[in-house]
Amino acid sequence: MLCPHYNVCYPCPDAMIRPKTPCERARDAAIIGPIGAYIPTCDHAGQYTPKQCFGSTGYCWCVTITGQKIQGTETPPGTAINC
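If you read the sequence shown in this note's numbering, its first letter stands for residue 1, the second for the next number, and so on.
The reader is advised that the hints may include incorrect statements.
[Stated by the list, open to error] Label pairs and their in silico Cβ distance ranges:
1) Q71 - Q47: 19 to 25 angstroms
2) A30 - C83: 15 to 21 angstroms
3) G78 - I31: 23 to 29 angstroms
4) G33 - G58: 15 to 21 angstroms
5) A45 - P76: 26 to 32 angstroms
6) T79 - I17: 27 to 33 angstroms
7) I70 - H44: 18 to 24 angstroms
8) Q68 - D28: 17 to 23 angstroms
9) E74 - I17: 33 to 39 angstroms
10) P77 - R18: 31 to 37 angstroms
11) A29 - P77: 23 to 29 angstroms
12) G78 - I17: 36 to 42 angstroms
13) T73 - R18: 26 to 32 angstroms
14) I17 - A80: 33 to 39 angstroms
Quick caveat, the hints were computed from the structure, so don't treat them as lab data. Since the structure is predicted, the reported quantities are computational estimates derived from the model, not experimental observations. All C-beta atoms, glycine included, are put in the ideal place defined by N, C-alpha and C.
Take these sequences, add in the hints, and give me the full structure.
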C-alpha cells in the first residue's frame, strides 16, 4: 500500500495499513466480477457513501451505513437524489 505525502508516494509503515472494510471488499469483488455489475462506492474511510449508483444504467439509490438499500429511494437516470 502506498501513502500519499505532498503528491509523493512512499510505502506505508505496517501500522498505517488497516483491514479492508465491508464496502471495500464488496467493491473489490465487483470490480473483478462480470462486466456491467454494480460496483459499490466507498468514501475515504472505506464506508459506503450514502448515494450509490449503478453505472451501467444510471439508476441511483440511498443506502444505510452498512450498504443496505433504503426502500423507495431508487431514482431513474438524470433524476436528482438527496440521501
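Each hint, compared with the structure:
Range check, Q71 to Q47: about 21 angstroms between beta-carbon atoms, so the 19 to 25 angstroms window is met. Roughly 20 angstroms separates the CB atoms of A30 and C83, a value that falls within the hinted 15 to 21 angstroms. As the Cβ distance of G78 to I31 is approximately 25 angstroms, the hint placing it in 23 to 29 angstroms holds. Separation of G33 from G58 is about 19 angstroms and conforms to the stated range, judged on CB atoms against 15 to 21 angstroms.
A45 and P76 have their C-beta atoms about 30 angstroms apart, which keeps the hinted 26 to 32 angstroms range intact. Look at T79 against I17: about 39 angstroms separates their beta carbons, and that is not inside 27 to 33 angstroms. Judged by the Cβ atoms, the range 18 to 24 angstroms given for I70 and H44 holds: they are separated by roughly 22 angstroms. Checking the proposed 17 to 23 angstroms range against Q68 and D28 shows it holds: the Cβ atoms sit about 19 angstroms from each other.
Evaluation of the 33 to 39 angstroms hint for E74 and I17 yields a pass: the beta carbon distance comes to about 36 angstroms. Between P77 and R18 the Cβ separation comes to about 35 angstroms, which falls inside the hinted range of 31 to 37 angstroms. For the hinted restraint 23 to 29 angstroms between A29 and P77, the CB-CB distance of approximately 25 angstroms keeps it satisfied. Against the hinted window of 36 to 42 angstroms, the Cβ-Cβ separation of G78 and I17 comes to about 40 angstroms, which satisfies the hint.
Evaluation of the 26 to 32 angstroms hint for T73 and R18 yields a pass: the beta carbon distance comes to about 30 angstroms. Here the CB-CB span from I17 to A80 is close to 38 angstroms, well matched to the stated 33 to 39 angstroms.
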